[in-house]
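Undergrad: Here's the letter readout for the chains.
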Amino acid sequence: MWPIIRNRLIMLVFVVFGVSFITFLMSNVIPGDPARMIVGPRGDQATYQRIREQLGLNDPLYVQYVDYMKGIFTGDLGTSIRTQQPVLDDLITYFPATLELVIYAFLFAIFFGVMIGVITAVKNNTKWDYIGRFFSITGVSLPVFLSGLIFIIIFYGKLGWFPGSGRIDLFMELPPRITGLYTVDSLLVGNFEAFKNSLWHLIMPSIILGYVQLSTIVRQVRSSMLDVLNQEYIRTAKANGLSEWFLIIRYALRNALIPVITVVGVSFGMLLGGAVVTEMIFNWPGMGKYVVESIGFLDFPAIMGFTLLISVGYVIINLIVDLLYIVLDPRVRE
Amino acid sequence: MLLEIKELSVSFESIYGKSHVLDHVSINIKKGEIIGVVGESGSGKSVTALAIIRLLHKNASIDSGEILYENENLLTKDEKEIQAIRGKKIGMVFQEPMTALNPTMKIGKQLANVIRKHREVSKKEAHELAIETLKDVKIKDAEKVSEKYPFQLSGGMRQRVVIALAMAAPPDLLIADEPTTALDVTVQNEILKLMKSLSEKKGTSILFITHDLAVVGNFCDRVYVMYQGKIVESGKTADVLHKPEHPYTRALIESLPEGKNPDEPLKVIDGEPFVLNSRPTGCVFIARCPLKTEQCSNVPPVRWRGTDHWAACWEVEENAGNPLARKEI
Amino acid sequence: MNTQTETQPQTLTTTQTLSKQKILWYRFKQNPLTLVGTGILLMFIVLAIFAPLLTPYDPEMVNMSERFEPPSSAHWFGTDEVGRDILTRILYGARLSLGIGITVVVIAGLIGSVIGAIAGYLGKAFGQFIMRMMDIMLAFPPLVLAMALTAALGPSLINAMLAIVIVKIPVYVRLARSEALVVREQLFVKAAETFGLSKVWIIARHIVPNVISPIIVQVTIDLGEAILLIATLGFLGLGAQPPMPEWGAMISTGWEFFLDQWWYPTFPGIAIFLATLSFNLLGDGLRDLLDPKSTR
Amino acid sequence: MLEIHSLVKRFDDIEAVKNVSFQVKKGETYGLVGESGSGKSTIGNMIIGLLQPTSGDILMEGKHLWDKSSYKRMKNGEIQIVFQDPQSSLDPRMTIRSILLEPLRALPLKERREKGKKSNLGKLLRTVGMNESHLDRHPHEFSGGQRQRIAIARAIITDPVFIILDEPTSALDVSVQAQILNLLKKLQKERGLTYLFISHDMSVIQYMCDRVGVLYHGELVEENKTSKLFSSPQKDYTKKLLSSLPTLFEKEDQYA
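Protein chains in written order, with my numbering: chain E, 1 to 334; chain R, 335 to 663; chain Z, 664 to 959; chain P, 960 to 1215.
Hints may contain errors.
[Said to hold, decoys possible] Result set (BS3-like, lysine-lysine): computed pairs, CA atoms no more than 30 Å apart in a straight line:
id	chain 1	residue 1	chain 2	residue 2
1	R	LYS472	R	LYS482
2	E	LYS123	R	LYS577
3	P	LYS1199	R	LYS535
4	R	LYS469	P	LYS1145
5	P	LYS1077	R	LYS577
[What the hints assert, rightly or not] Distance ranges between label pairs, derived from CB positions:
id	chain 1	residue 1	chain 2	residue 2	range
6	Z	SER876	P	ASN1079	27 to 37 Å
7	P	LEU1068	E	ARG333	49 to 59 Å
8	Z	MET706	P	LYS1076	51 to 61 Å
Note that these hints are calculated values from the structure, not bench results.
Where is the CB? At the ideal position from N, CA and C, for every residue including glycine.
Please put together the full structure from these sequences, using the hints given.
TA: Now the structure itself:
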């Protein structure tokens, strides 16, 4: 098994370099002239040249790339034009909020995704199948801002069940910053009030964000379950007397979920991406909101820093998923 | 009488309309007997087997007939009762060993699952019994094999495990749907020897389904020949193979290359077996039969040639003396 | 539960063949979801084409006297902050969204499947190289990459379209390559090689035609995703810039008013949802149609 | 006609073919029999040019087919192959007409136009027991036997001298198999063809072949005239193969 893991790690390094090269291209090469951005159209020639020199834009391309990579390894992703803070510090402060939102959305998507997927597969071509599939397809087609809008108007505006924005009520005393995840920190500290409140704030945004991935997972689980249920060994086991539900749970579900893991990895990454819009709608102080605001200012260091961090995270998640796949499937492991 | 299939008719609902797959098929099996069912593709032989343990495809419908197992009709039993019979009373072995076992579960565990379904034993006992059944099917170092996964075994070994699974109870009847077709000749020979010894040792009767007349030759006591969903001939294996009566059986044996003179072309039945959406009124073989006459357009009668050898064909004279009375095909 | 056995339905012969089209139409009708999808889609196409005839208003014409009017008989969907009729803007926006969606996905589909087919057939070195490149591109979550690319290229509709094409190509390359690897093992390809035919002929005549049907399913599904992506970019202010009647941009500007002028961002949102939904339903139906397993 | 000298084929660590040598005379049917994994199809693929041998050489009428890494066809269409699975040997998207015309593309233009005429296609289909009305249909509209006839028609359209038959009837029903075997024999007589007949079915080999080579794990263990091999097999493996062969005739201890 080790050789497989070894060359997966080599692949990881190769892909991370590729990703960093593309973010380099996007931030320094494509946008034409970042110096012009900073100075602005009316800036005089002298300051323009000074900034070009300072940013090292006059050096040949590969030198710029080496500087860029040196920067990444030392944690210097450049300073954000908008906040004048080092980009990495901004991202670190906002990262836990996004992570918490994504985790809850992920749990929501996985739990219901697998359940609906199994039901639509087992009850194939019946009314349950069509209902399940219709809900999952609406998930893919529903723009997050529309569902967010409707949920806020109804549940916040009219019914007032859920808070409309923010991670926790203003008057609530913030839990100490251990992991940065309010729900986890408040539990660690035993502050149940804060836990209940932050959980209350999490419900609506995580459902909105999670619903999109729910449908991809339903679709994958359904087709994978159908594949397995049509396999010969299910029929042989049935002919040997094993009951239908025993087969669905102990034989079919286990083998159907192995290929689904890869989809789970992908949808976790998609959630990181999707958080951008959700955070904007719910005024959620996460990395997504930070990036959206920096788009307005065409704040390249911030945008590219965010893209790099998200993508590297995404690649690592996919690697973990691949390794899980190897461990779980004996055919690959032996 | 262990199993009696009476006038079983099955048809399929598909995009192309209703296709009749079985038409009034009757088969009976006594205790300890090995029965062969021979037919080409589309003859409905596999459908008969699946109808017995009610594993037919969901858009298949049983139009008429009964399947009496120890005089109880299996068709009227509900899913729960049928489940109790599958594996316990009637075991089944399928054709493709490559896909018949759960690829991600150890052999021993799969066996134990089936054993614990039929006998009230603890997990540990089930595991020991599993190793026991592996030994029954003559698998060397059964302990090691029970820890292995299916993809680590050869085709022949896997088919032995499939037989062990089917014989776990052990059942009174083992249905084998082309169990050796996917195997090499030498391995096929071993598996057939194994099945024969298991049948004698445990008193299990076998319903052996194949397209290979030669295999049936020395393996089965009696044989049924099927064509297009109907049984056209049946009798002791020696009679049917060496003194075939029905034109289809005779033509089938003639077209086998074994022992034929290489310089002469093989006797051939024109056309090919294909599914009839609308069943022909008379004999099913009418389209391809060399001896057909106008009376063949109505349903051929059963003509007996000796105590248990019959053929459903107008051209066959009832109990006529010597076989020479037959016309050359 | 549908356990499938290998002898049903029986093989066919020349006498009872139903033409392939009739079979496909028969199955297509079976799935209610696809019918709903096709219905919505046709509605959108009709609305997009006949937009000028259906509405008296000009999508760009400002009319301050009718600012923020709620939905009424004059303005079915109400008006925006500068008095423009929202229904008209949605109709004209349909042309943009459908047009862009289709062009983006078709371009990406063509480029991607050709590269994929070649990578799949030509095997080892070339195939591996292409796949590593695609792995890098696929390392970015699609929305994030599209966002960064559009920001880098400068926010505009054209750049947003280009970004989405670049984001979509790797999906098709990977799909086409995996299909090509299957087709390459088929005996009719091996036979063609024994005739001494050129690789180009084999790719063009055997590999690409047999890779097309799964690509078509992916194209239909991606159409929905493309429309959603364009609208999201517009919403983030990266895609079409106002005053262009692009749905995403409309929501982006209308967003602040959602509490009291609820209709302003809601109707374009519903339009996006319905358009994306119709393509997804169609794609799902097509996948069932072409993939025999799930209809058995 | 065809000479094989100590042919070897290694797939990374497994040796599928271990220096096999045999000859096939003109007009003869040479049988290669062996169980799955014996390397018989690998040898067929090497002769037709789909697989490059690790070492050893293949000569057709004295000329090398493989030199170093490239497959040198003497004349396009001289050697043809018929595969086992009728399902996948015809492109589902093409009509029968374009399937038959495909091998002609590699021939010089004059010959291609002359052989590609509708009348010639019609004659060809009739020789394999089909007719012109089938030209514009697609493969999925035909049964296994008919599809195999089309594959044979495609193989003989370029008037080859040597045809490799890789288990041509294993996927067919017995009654259909007899029709195809008769067709192959008829074509051999009419066109003086030479066959390399690959199969795992001994009774088909006995009927079809003049001489037979028995393969076991990539090695040619025994080679002889068909009648001699069946009547007095020398090697133990051949004996085991023949004894486990199911037979119509009475054989007491077959499954004792």
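Undergrad: Does the structure break any of the earlier hints, and which numbers would those be?
TA: 2, 4, 5
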